[in-house]
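Novice: Chain residues, written in single-letter form:
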Amino acid sequence: MIAFLIKRLFHALLVMFVISLIAFSIQNNLGDPIQQMVGQSVPESEREILREELGLNDPFLVQYLRFARNAVQLDFGYSYIFNEPTTDVVLRHLPATLELVAATTLLIVLLSVPIGVYSAIKPRAWLSRFFMGASIVGISIPVFLTAIVLIQLFSIGVSWSPFPGETGWGSWLNGLVSTEGGMPAYGRGDPVHVVGTWYTNFASTEGLVYLVLPAISLASIMLPLFIRLIRAEMLEVLQSEYVKFARAKGISLRRIYFLHALKNTMLPVITVGGVQIGTLVAYTILTETVFQWPGMGLMFLNAINRSDIPLIITYLMIVGLIFVITNTLVDLIYGLVNPTVKLTGKPA
Amino acid sequence: MTTQTSPQQAPPLPSRWERLRDSYLLYSFKRDPIAQLSLLVFVVFVACAVLAPWLAPMNPYDLAQIDILASELPPFWIDGSDPAYVMGTDAQGRDLLSTILYGARVSLIIGFGAVALQALLGVVFGLLAGYLGGRIDAFLMRLADIQLSFSTLMVAIVVGALVKAIFGSATFSTYAVPLLVLIIGLAEWPQYARTVRASVLAEKGKEYVDAARTMGLPSRRIMFRHILPNTLSPIFVISTVQVANAIISEAALSFLGLGMPETHPSLGSLIKSGFDYIQSGSWWITLIPGAVLVVLVLVINLLGDWLRDVLNPRLYKG
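Protein sequence lines, in the order shown, are assigned to chains L and F. Residue numbering for the first sequence follows our numbering, starting at 1 and increasing by one per position. Residue numbering for the second sequence follows our numbering, starting at 1 and increasing by one per position.
To be clear, the hints were calculated from the coordinates, so they are not data collected in a lab. Warning: the hint list may mix true and false statements.
Claimed, not checked - Below 35 angstroms or equal to it, Euclidean Cα-Cα: the simulated DSBU-like pairs (lysine-lysine) are:
#1 Lys263/L x Lys244/L
#2 Lys263/L x Lys249/L
#3 Lys249/L x Lys122/L
#4 Lys7/L x Lys263/L
#5 Lys204/F x Lys7/L
#6 Lys122/L x Lys263/L
#7 Lys7/L x Lys206/F
#8 Lys122/L x Lys244/L
#9 Lys30/F x Lys122/L
Modelling step: build the complete structure from the supplied sequences, incorporating the hints.
Specialist: Listed below in structure tokens is the structure:
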């Protein structure tokens, strides 16, 4: 166990090292910090002195070590846009993204497990076929398009009148195909302050309403994947010997499905799921752009558009850290939950 | 097609066409209406995209043909439409139908180009990693792991942002198509490499590889002439899905402003440019290209699903 832990930590450090190298070479090669600092009128000789003072002429290794020392202390310099330390900027935007991801995860877990299990237990039922069909359509819709359609339907509203409106039935049917609109689809409203830079949307009904559309569209990209994964795993488990044996013993089906089979279904789901929750952070860039959700993704896109290199680097390092932490945790949890995983690397 | 006439083969090999006719692939295709419909729609898409310059009522790249006064006209079934513009016009007065045809062309070119690049990188790296093993394997697979743990979209966005920052917006716009192929290709090769490596590992232990090695054939020949043909069916399956993924990635990059410029829009940049006008009620500029994109990706995914079921009987059906 300890050996496994150390190995995983070493791997995590290696990944962070690679990311920091990439981040450093971005910082080193993109743009000239002197040009950002001084005006046009400063002569070349003074620029050279400044460059020497800032250590920009030092060898690569020295500069990288300086960068790494600052990085460990989470000091990546000042953001050009906000004119304050980049870490503060990222920390201010982090809670919004994390809350969006949390709400999405909740949606995914609550929906994918019952749907996946149901379509594995009753693969021929029309409802399962519908879910399978819907999931492949869901995979084919880009997340930003889902978001736009949701905005059109529930924020702007659609008034269709394909039926004659004079009769009672006609107007009722027209009402059925039209939508009200009015859902908030811009920003995160007026979140409640919790502590430090953390303002939460979970504490008030109004805040939750603001979360609905962004969370649904972010969930729409992952939900089909999870439904299909859970269904496939469950189908495999249901064909295994021990399930057949349990059935032969006359144990109630409900007990077999939810106690025996579901446990083993969830094992691979944890690994894939953990990694996918990490990648949700990537999709937040798209969702936050559509909904102008003031999180890290939107901040990152603004930083790219305005070439705010320190902010880009900070985002990369912090998101990299989030990815590495989730992946390592997922591996560890998987090892703890699944006794057949050889944690030590020794033959069992 | 039966040009190989070595002395051992007394009865001539069935021709390619005969082999296709008797194959399980064609048999299951004939029995699967969804696959047939998907292929039909896909072929229509490709044909429309290829023939766009002849099919489209106007050339959206030609500024002389664009009439700004005709901007934001609705499609034909809504009041206030102009019969000259069947699908309406976008905010710059371009005919939406023509722009979509040209946009689908750009999306398909980038999709196929990026997959070709991915396949090249992935197959070479996968073969090397699987066949040679050792340090090369460890290095390449670790690299693939890291890239995959970041999700291909994230890698594409970051690489796209960097490429744009290095070249500057103007140069980026000029060379957007090859650059996007490069970005998406670099971001998504690990999928291929993993698949190829797994099947190479399975093939490596077989006797024909041992035989080839005993004969003293060079590794390169064994890898590309002996093992590669036997790993083609997973490559085939993954390629279909990857085309769909590449098209979605391109659309996502364009939507974020890291892709095709609005003067040469892909479906993604059309959706982006229309999104700015959705609040003013001009939903068609964004939703019609969106629907086209979804149908295109959906039929490719359906074809991929069907191929996976046919070529990989281990997986579940229906």
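Novice: A separate judgement is required for each hint: does it hold in the structure or not?
Specialist: Hint-by-hint comparison with the structure:
no.	hint	verdict
1	Lys263/L x Lys244/L	holds, 16 angstroms
2	Lys263/L x Lys249/L	holds, 19 angstroms
3	Lys249/L x Lys122/L	holds, 21 angstroms
4	Lys7/L x Lys263/L	holds, 27 angstroms
5	Lys204/F x Lys7/L	holds, 29 angstroms
6	Lys122/L x Lys263/L	holds, 18 angstroms
7	Lys7/L x Lys206/F	holds, 33 angstroms
8	Lys122/L x Lys244/L	holds, 16 angstroms
9	Lys30/F x Lys122/L	holds, 27 angstroms
In terms of the numbered hints stated before, the structure departs from none.
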